[in-house]
Amino acid sequence: MEQFLRNIFDNDFFVYGIIGIIPLVWIIPYALFVIYLERKVSAHMQDRLGPMRTGGWHGWSQTIADMLKLLQKEDIVPAAADKKLHKIAPFVIFIGSYAAYAVIPFSSQYVGSNISLGLLYVIAISSLAVVGILMAGWASNNKWSLLGAMRAVAQIVSYEIPTILSILVVVMIAGSLNLQDINEMQSGWFWNWFIFKNFPFVFIAFIIYFIASLAETNRTPFDIPEAESELVAGYITEYSGMKFAMFMLSEFVNMFAVSAIAATIFFGGWNSPFGEFLSGPLWGVFWFLSKGMVFVFVQMWLRWTLPRLRVDQLMYVSWKVLTPWAFGCIIGVGLWMVL
Amino acid sequence: MTEILANPLLTSTGRQLRREEVIVNVGPQHPATHGVLRLEAVLDGEIVVDVIPHIGYLHRCFEKHAESMTNYQQVVPYVDRMDYCAAMNMDFGYVLAVEKLLGITVPERVEYIRVIMAELQRIASHLIAAGTYGLDIGAWTPFLYMFRERERILDLFEMTCGARLLYNYMWVGGVSHDLPPGFVDKAKDFCSYFRPKVKEYNDLLSFNDIFVRRTANVGVLPAKTAIAYGCSGPVLRGSGVNFDIRRDDPYSVYNRFEWEPQIGRGERGTTGDCWDRYMVRIREMEQSINIVEQALNQIPGGNVSSAIPKRIRPNPGDVYVRTESARGELGFYIVSDGSGSPYRVKGRSPCFSNLSVIPEISRGCMVADLIAIAGSLDIVLGEVDR
Amino acid sequence: MKKYFTDIAKAVWTVLIGMKITLGHLFVPAVTIQYPDVKLKLPERARNRLFVNMDDCIGCLQCEMACPVNCITIETMKSLPTDDLGTTSTGMKKKLWVTRFDIDIAKCCYCGLCVYPCPTECIKMTEVYEFSEFERNNLLYNYVTLTQPEIDVIKTKIASSEKEQATKKAAEAQAKQTPAPPAPPRPGKDDKKGGAQKT
Amino acid sequence: MTHQEISELLKQRFPDAILEIKTTNVIDPFVKVSQPMWKEIALFLRNDPAMQFDFLMCLSGVDYGKGALGVVYNIYSMTQKHKVNVKIDVPADSPEIPSVADVWPTANWHEREAYDLIGIRFSGHPDPRRILMPYDWEGHPLRKDYQVPEFYHGMKVKY
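Protein chains in written order, with our numbering: chain D, 1490 to 1828; chain G, 176 to 561; chain Z, 23 to 221; chain H, 23 to 181.
So that you can see chain D by itself, here it is in the shape it has in the complex:
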């Protein structure tokens, strides 16, 4: 991809610009679609219909209308807020979630930056969101916001540990942090995927990763930072209009990012499940996106099924359940590889 663009433009600025923009081309329609999907999934799970009016067929353009509405809304900054931080925070969060897409391989031919420390980069950069959340919570000068931000920071920081440990299981098998390398190791039929390797350790690692990623993206049952019934809206309480939309967008972007990582490292990424059948760079994009969307759907499914945990229980799950089990998986895989 990079070579192809270089042949056309012969200019680094354009090449990297276009490569950087491509995930955005995916993200915007994805966000519009996935918000619509979330509404429809929740509605049908609850025996409702969801949005049915805007745009004719099953209200397909509801999210577009909502986006236009949010664009027109007044941007309210509380008088007592720290105005600079209040303005920057949503963008910091969005940058944090968007930057993770730099190393996610959408296809065998396209990856934003094929660096050898790809996985490490993803983990590192997604922590940037914590800074944004804390900024938002502090700058709003609202007790609910602050409580939400503190909860979010505690939660995201502690859940990074099981996330990293479960990714480490895959890294041990693959011996590489480069996501393209990891993908290529899983090519062929679906039983080559890492999820089926060293059973059950990688499988357990996947479950741990998935649960921890729910917490990283603040989704139910770990949505305590923005727990509606407790903290009103947590750190988003004082945001309105487009800034609020940025928070929502980065949440959905994050959802896909963690799903994409799960698809890449456990489920073969852009590899077709059926060997050479339906494989190729463009089919790769299809497989990759559909695998990611399956996980996004599961996240929604969980959200509309489960109540939320309490802060101490959240910490219990992280430190006393997920982390030891992830260590167990590492030991298990390590022993498996030695023997």
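Hints may be right or wrong, so weigh each one.
[Claimed, not checked] With a straight-line cut-off of 20 Å between C-alpha atoms, the simulated SDA-like cross-links for lysine to any residue are: (1) Z:42 / D:1791; (2) Z:24 / D:1813; (3) Z:61 / Z:154; (4) G:239 / H:89; (5) Z:32 / G:382; (6) Z:100 / Z:131; (7) H:178 / G:232; (8) G:399 / H:72; (9) D:1632 / G:184; (10) Z:32 / D:1693.
In case anyone wonders, no lab produced these hints; they're calculated from the structure.
With chain D held as given, fit chains G, Z and H onto it using these hints.
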């Protein structure tokens, strides 16, 4: 900053805050206060040090209104609005009190109709209570499932009296309409439709491990405290006190039905925790279905309006009548001065007493637990503030 | 230690049960309807907007007295023996001019208490439930069929006849040599706003 | 125990404090007690093994007009399953009754309500604030001679 340090903040009861404490107002506008309740919570981090409830945001001076009415019947629409989630139960309590004041008995058919309506209303009310409780804990879906069933009960009510929420159905001496044709069959259909749904709620919410962990051992209300604070209904029974006015101080025709008051046994935690209170409600719905089915089978014929007095003019005197509403002991203390309008009507609403226990049981819990406790008490602010 | 593992197993198991239920509902038809396009049939007894059939109203004020929120305002005037107001559909003879019959539907609490005492069944609750307005004044329904000039004519007629009566009485009284004050004016009839409210 | 027996026991125990016992010709029988002794009577009602009145069902303040206020206590025993209704009359110019909030904690809020709406003061109440009306409201709305104020903080009160 120095100013704050020099003048430490006070709570509204006059307690000085320590340095690390902060006051957070949960409400009056808050997603989880079921209306306009304000809980002034003194927090130390996530820990609730003290809670001071402030009520009265929905105060409409029901009692003053009742005094200024020209007759006793006109009070019924106001009584409806006390507990808008269980308006039939409210009507029931009020008309029983006035009937006792007048010394009239009503036809059997009316008694049965009232019991059927009151029990259906109890189910509808408990559905809201359990559903919004799930919502407080973070589970959205059970809430909407429960509303689906509630709609069917409201359909039955609308068919009978024309209103879905505020019925004005029970009148002094009778009911406004006889049961419409086809009601008995429809109600029986509903009973058989509803029974399996309870299992669905249990699978989805009641026995969900996260839900159990959020509610069990939280907000434990010992039986002694519950009685001392005048708690009643599911809150009292959740604490393991086997007391139900329908059985222990029977009114109307409740003594003719076979049913079992449900009490909390601490199956998942300690007796009297939030889960027990929640579960008592879920189980009470099944019992109410039992009562409704029996009443539907036994209902006699007759005229429903034969005992409605032309003019309601009780002799001077006072009366206190209590009934078991969906939320507990609903009492009406009515003073008559011999004229056509009530001299004094006091509504002893169950939620008022149930809510007063909240500071007692929520000290030392976490913010999330505070929401869980407030939800488990199942308060309707229309009734607390009247 | 055993509890630790059973707890985890239980948590996972109950979560899976819940997920099974919600997934099952994904394929169940919705119970909600598309409201303005599809409407539920209201039962016969549905209590919604009040309607007054003025042809049958005899001005007995029963509904006004029954209303717990005072949303009905009625003003009547006694007709002269020479006036013929007709009869209601139930055959009751009308004796009063109804010069004002306002229902403030914004105040109405739909309790239906006004419907039962009506002797001619002219006030009833209809099935119309969509009557929201942008102006609150539009919710003040005026049911009087008489126009303002007609009311004025009636008023002057009644006033003059009352005057006549008063002078007659005064004359009679004078004849009897006992001075008596003229009959006090009937309350309410001089209300300028009466019947002038827009519908 | 019937109401008759309860009131006779009370009469034996507190001969001066029981002003009136009425069990016939009324719908609900009641005992009228004098207000200085009420706290002791309340404690006796709760603690006596024969009485065990542990559940205060209702506490209602009443304005009887003509300068007389009153409070009615409807008390129930969960263990003995009997009821007693106690009435206390106080003059409207000095309406003071001993608080029973530490005998039955539920009386705390009910007494606050009676203070708020009727204006009866409960001496020894731990938290004598208004409860339903705004904290700076003037007057007690359920008094029969209550005049609704024209304005409250510049807002028109009368509808």
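Verification of the supplied hints:
1. Z:42 / D:1791: This hinted pair holds, its Cα atoms lying about 11 Å apart.
2. Z:24 / D:1813: Holds, because 16 Å separates the two Cα atoms, which is no more than 20 Å.
3. Z:61 / Z:154: Holds, at roughly 17 Å.
4. G:239 / H:89: 18 Å, holds
5. Z:32 / G:382: Holds, at about 10 Å.
6. Z:100 / Z:131: With a Cα-Cα distance of about 30 Å, the restraint between residue 100 of chain Z and residue 131 of chain Z is violated, given a limit of 20 Å.
7. H:178 / G:232: 17 Å, holds
8. G:399 / H:72: 18 Å, holds
9. D:1632 / G:184: Holds, at about 16 Å.
10. Z:32 / D:1693: Holds: residue 32 of chain Z and residue 1693 of chain D sit about 16 Å apart, inside 20 Å.
Of the hints listed earlier, the one the structure fails to meet is number 6.
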